[in-house]
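**Student:** Sequence:
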Amino acid sequence: MKFTTESNVPVSMNYFPSRKCNYSCSFCFHTDTSSYVLPIDEAKRGLRLLKEAGMRKLNIASGEPFLYPRLLTELLQYGKEELALESISIIGRGDDGGNVIRLFRIANWCKEYGIKFKLNTVVNVHNWDEDMAADIESYLLLDEYMCFLDKVKGMITKSESILKVGVQKAMNQVVWDKASFVDRGDVYDWGRSDMLKDSSCTGGNDKSLQW
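FYI, the numbering for the sequence shown is 1 to 211, going by UniProt numbering.
Don't take each hint at face value.
Stated by the list, open to error - With a Cα cut of at most 27 Å, we get these calculated BS3-like pairs of lysine-lysine:
(1) Lys57 with Lys164
(2) Lys111 with Lys57
(3) Lys116 with Lys51
(4) Lys44 with Lys158
(5) Lys116 with Lys57
Claimed, not checked - Simulated restraints on C-beta separations:
(6) Asp129 with Pro39: 42 to 50 Å
(7) Ser35 with Ile90: 17 to 25 Å
(8) Lys80 with Gly166: 22 to 30 Å
(9) Arg105 with Arg45: 34 to 42 Å
(10) Ile101 with Lys169: 41 to 49 Å
(11) Glu74 with Val125: 33 to 41 Å
(12) Val125 with Glu86: 34 to 42 Å
(13) Glu112 with Gly54: 31 to 39 Å
(14) Asn22 with Val100: 16 to 24 Å
(15) Asn8 with Arg105: 39 to 47 Å
(16) Asp129 with Leu67: 32 to 40 Å
By construction, these hints were calculated from the structure, which means they are not laboratory data. Ideal Cβ placement from N, Cα and C applies to all residues, glycine included.
Using the sequences and the hints, build the whole thing.
**Tutor:** Listed below in structure tokens is the structure:
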């Protein structure tokens with residue numbers, strides 16, 4: 001299925017199953033205001049609704065997802081084995097920089113087993129002047145109640161839960177800029193077929209970053 005700017009399909013989802021985190025980063029918008037975590041059966045039901053609505057890629061963030069290893073394991077297994085999602089990724093919290101060397105080791109392991117590896121960073125001395133405002137509306141974010149989040153005008157609003165009203169009705173209650181989603185290249189080959197032709201983390205020419 002080709003995704004276009006006319007599509008209203010949640011092809012790529014960012015799911016926050018919990019707000020709990022062992023960090024308190026000043027830039028984080030998804031702060032620890034609730035300790036609620038959906039029962040696993042309800043979380044699975046929500047993921048199935050998203051799959052039936054067209055989800056192909058799932059990114060699990062939070063909070064810190066690895067604080068709930070059992071929940072995370074079940075979500076990963078369900079997403080791959082039951083829903084057959086093309087891609088599942090996890091965003092975890094890094095340290096103070098001392099773990100960068102380990103990342104190169106992990107990247108090599110991922111390459112050996114055919115797992116794509118990407119390193120996300122927050123604002124730093126190298127990218128502070130980049131304007132990301134246009135991208136804010138291009139992400140579909142789902143909170144711990146499985147409500148879509150909308151942070152377009154600076155304040156966070158949310159939809160009703162997809163568990164109550166379904167995916168399409170909930171999506172219609174928030175702003176999602178599908179054109180920006182397509183323009184920033186978030187629809188690509190999530191499988192493993194293109195790993196050999198481009199295994200870099202950025203697509204740049206720096207050989208030291210060719211993961």
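**Student:** Compare the structure with each hint and give your call.
**Tutor:** Each hint, compared with the structure:
no.: 1; hint: Lys57 with Lys164; verdict: holds (22 Å)
no.: 2; hint: Lys111 with Lys57; verdict: holds (20 Å)
no.: 3; hint: Lys116 with Lys51; verdict: holds (22 Å)
no.: 4; hint: Lys44 with Lys158; verdict: holds (20 Å)
no.: 5; hint: Lys116 with Lys57; verdict: holds (13 Å)
no.: 6; hint: Asp129 with Pro39: 42 to 50 Å; verdict: holds (44 Å)
no.: 7; hint: Ser35 with Ile90: 17 to 25 Å; verdict: holds (20 Å)
no.: 8; hint: Lys80 with Gly166: 22 to 30 Å; verdict: holds (24 Å)
no.: 9; hint: Arg105 with Arg45: 34 to 42 Å; verdict: holds (38 Å)
no.: 10; hint: Ile101 with Lys169: 41 to 49 Å; verdict: holds (48 Å)
no.: 11; hint: Glu74 with Val125: 33 to 41 Å; verdict: holds (39 Å)
no.: 12; hint: Val125 with Glu86: 34 to 42 Å; verdict: holds (35 Å)
no.: 13; hint: Glu112 with Gly54: 31 to 39 Å; verdict: holds (32 Å)
no.: 14; hint: Asn22 with Val100: 16 to 24 Å; verdict: holds (19 Å)
no.: 15; hint: Asn8 with Arg105: 39 to 47 Å; verdict: holds (42 Å)
no.: 16; hint: Asp129 with Leu67: 32 to 40 Å; verdict: holds (33 Å)
Hint compliance for this structure: no hint is broken.
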